[in-house]
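Participant: Could you fit the two chains together into a complex? Lean on the hints.
Residue numbers (the numbering used here), protein chains in the order written: chain A, 1 to 107; chain B, 1001 to 1234.
In short, the hints are calculated from the structure, not lab data. Just so you know, these numbers come straight off a predicted model, no measurement behind them. Here a beta-carbon is modelled for each residue, glycine too, at the ideal position from N, C-alpha and C. One thing to keep in mind: the hints can contain errors.
Stated by the list, open to error - With a straight-line Cα cutoff of 16 angstroms, these simulated EDC-like cross-link-like pairs (lysine to aspartate or glutamate) come out:
| no. | chain 1 | residue 1 | chain 2 | residue 2 |
| --- | --- | --- | --- | --- |
| 1 | A | 29 | B | 1099 |
| 2 | A | 31 | B | 1131 |
| 3 | B | 1004 | B | 1129 |
| 4 | B | 1130 | A | 65 |
What the hints assert, rightly or not - If we take Cβ atoms under 10 angstroms as the criterion, some of the chain B residues that face chain A in the derived model are:
| no. | residue |
| --- | --- |
| 5 | 1034 |
| 6 | 1040 |
| 7 | 1077 |
| 8 | 1208 |
| 9 | 1215 |
| 10 | 1218 |
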Amino acid sequence: MASSILIVIIVTSLATYLSRFLGVVSAEKIKETSKMFRWFNCLAYSTLAALIARIVIFPSGALSEVDYMIRFIVVILSIAIFYLTKKNLVYPTLFSAIMLSFLITYL
Amino acid sequence: MIDKKYFFKGFKSIKGVGSPAIALGASFIAIGALLKNLGFSIQESVFSTFLTYALPGSLVMAESMLIGASLINIFIAVWLVNARLYPMTVALMPLLIHENQPRWKYYLSCHFIAVSSWLIMKDNYENIEKENRIDFWIGIGIATWSVAIFSTFIGYIVSDFLNKDLLIGLAIVNPIYFICMMLGAMKTIQISLSIVLGTILGPAFYFLSPEWCILFGGFTAGTIAFLFGEINGK
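Only chain B is shown next, with the shape it has when bound in the complex (with noise of 0.2 angstroms):
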């Protein structure tokens, strides 16, 4: 069903020098601890981290409870916050369908696309051959998962031993690890111009709008970057 094989070679990414670990665990220390004080039980933490696996969505509904927003309000805004886990999606899963392998595979491993797995899987997909790369990406996501979800317990946990300066500190690890992948996803024009305008159009309509700047500026730079390299031959 799953050639064990490519799973565990996939498994394999959140140990050694490119590890996601550190990054994920830190944030989801902070999460797991948010939560807590958020009038969770140690069940509903770890129940949150295991359905949604997607870090700003949950800093959303957690903000959403504290103000006290409808179920409408609260999955409108995290729908927002997520929906860039659309474009992502699609400008990965071509990659690893093959028609030798079902389709329940592509509609459950999608749960595990969020940015690090996602970045990992586009940084190694070349070395793996495309009919295997579906289990090698399975394997990338339920490595990362699971060091979400045992990092949302251990935060829970711990919670009382997070003062201000701790959270603080577990909070740049996240941001860092994200801007060195991206540096180092930076191969042809299109994607470091994507980058580029990203990182600056993206504060830059936050003067517009909070809540849309992330959608529109990273449309924007995208777009642009896209019609440029087509233009210039990627």
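So that you can see chain A by itself, here it is in the shape it has in the complex (with noise of 0.2 angstroms):
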């Protein structure tokens, strides 16, 4: 088993360099100021956006067991503090699992 982990690991690996680098590859074609660039930017977002939405609204892991509204909750009220806080992020980011843990203890 011990070899094989380590060729998972390394498959792992290849298959997200891989992205990284063509992207690289296409990067050195394009200039900052093309609609082209403009263009991935927009998708470079918006694909964060959609999985960041994602993990949220369908979590796979130890999320999935909070329900959906002590989710929605918890993002609320952390966006609340980011603003509140002139857009620090640590506050939120630690009040985010204290507010989780209370929630999920005390609902």
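Facilitator: Here it is in structure tokens:
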């Protein structure tokens, strides 16, 4: 089993590096002022947004055991803290974990 | 070779009010614990984060191993979930490429492209002259990557103390960090629309295909936002 874990790790890393590598190859031909660049910029942000929305709305791991209303409340409160603390990222991230633990214990 | 001044400027991105360290730490501690439960040795767990450094990819690897998927299937599943790194790289590297810099820096440092490092770089590149951006980026990359590797190690060691409630707490931190970073990035109509539409269409496409929803939803949302922005002058 030991060697097969190593092979799985290498296969996983190659599958991941492939997209990064091809990205650099393509990027060499794309100017930052071009339409192509703006399109890929949109695609990058929209794909990230889709990924994050999926993680929160259809989680696969530990989060899937939390009721969706609780997830929703934690997200809204964390966003509120983010703006109240003038876009500090440490407070909302810390409070999200504390709020979630509190809500799943007492609700 | 690498300008230390800009490297350390980038490296310091893990400190301060915008720090990704808590979010990265939380998620890779969870990965460390997950890999231990999967039967990985501590070296294998740390090596996995060292080589892959992309959270969804490591999760898919773990899930695939649990169901005993073949190597080909693992490759395809990981490639699919990490394919978002392609548009992310194309949307980042043209900002960093400079004729005075050697090519190897770009092909090596693209390994550091992950959601948090990418968002930090996108947020800060305008403050750095173009020639120095790649060294600044390598600083951000090494810093965030180190946090991830170290956290995997910690997660592996403390896994016995992590009960279900703690793991749930760890799991929310990273999405919250990303949501806040994305809200902070909404500075133009094109980007704002990309984010809003991606948030709606990603989950909407889930009902058609859970595997493809991120790529299909992201592609549709980004293309609509791009066209809308071009027609309406960004």
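Participant: Hints first: check each against the structure and report whether it holds.
Facilitator: Evaluation of the provided hints:
{"no.": "1", "hint": "29(A) - 1099(B)", "verdict": "holds, 13 angstroms"}
{"no.": "2", "hint": "31(A) - 1131(B)", "verdict": "holds, 15 angstroms"}
{"no.": "3", "hint": "1004(B) - 1129(B)", "verdict": "holds, 15 angstroms"}
{"no.": "4", "hint": "1130(B) - 65(A)", "verdict": "violated, 46 angstroms"}
{"no.": "5", "hint": "1034", "verdict": "holds, 8 angstroms"}
{"no.": "6", "hint": "1040", "verdict": "holds, 6 angstroms"}
{"no.": "7", "hint": "1077", "verdict": "holds, 8 angstroms"}
{"no.": "8", "hint": "1208", "verdict": "violated, 13 angstroms"}
{"no.": "9", "hint": "1215", "verdict": "holds, 7 angstroms"}
{"no.": "10", "hint": "1218", "verdict": "holds, 3 angstroms"}
In summary, the numbered hints that this structure violates are 4, 8.
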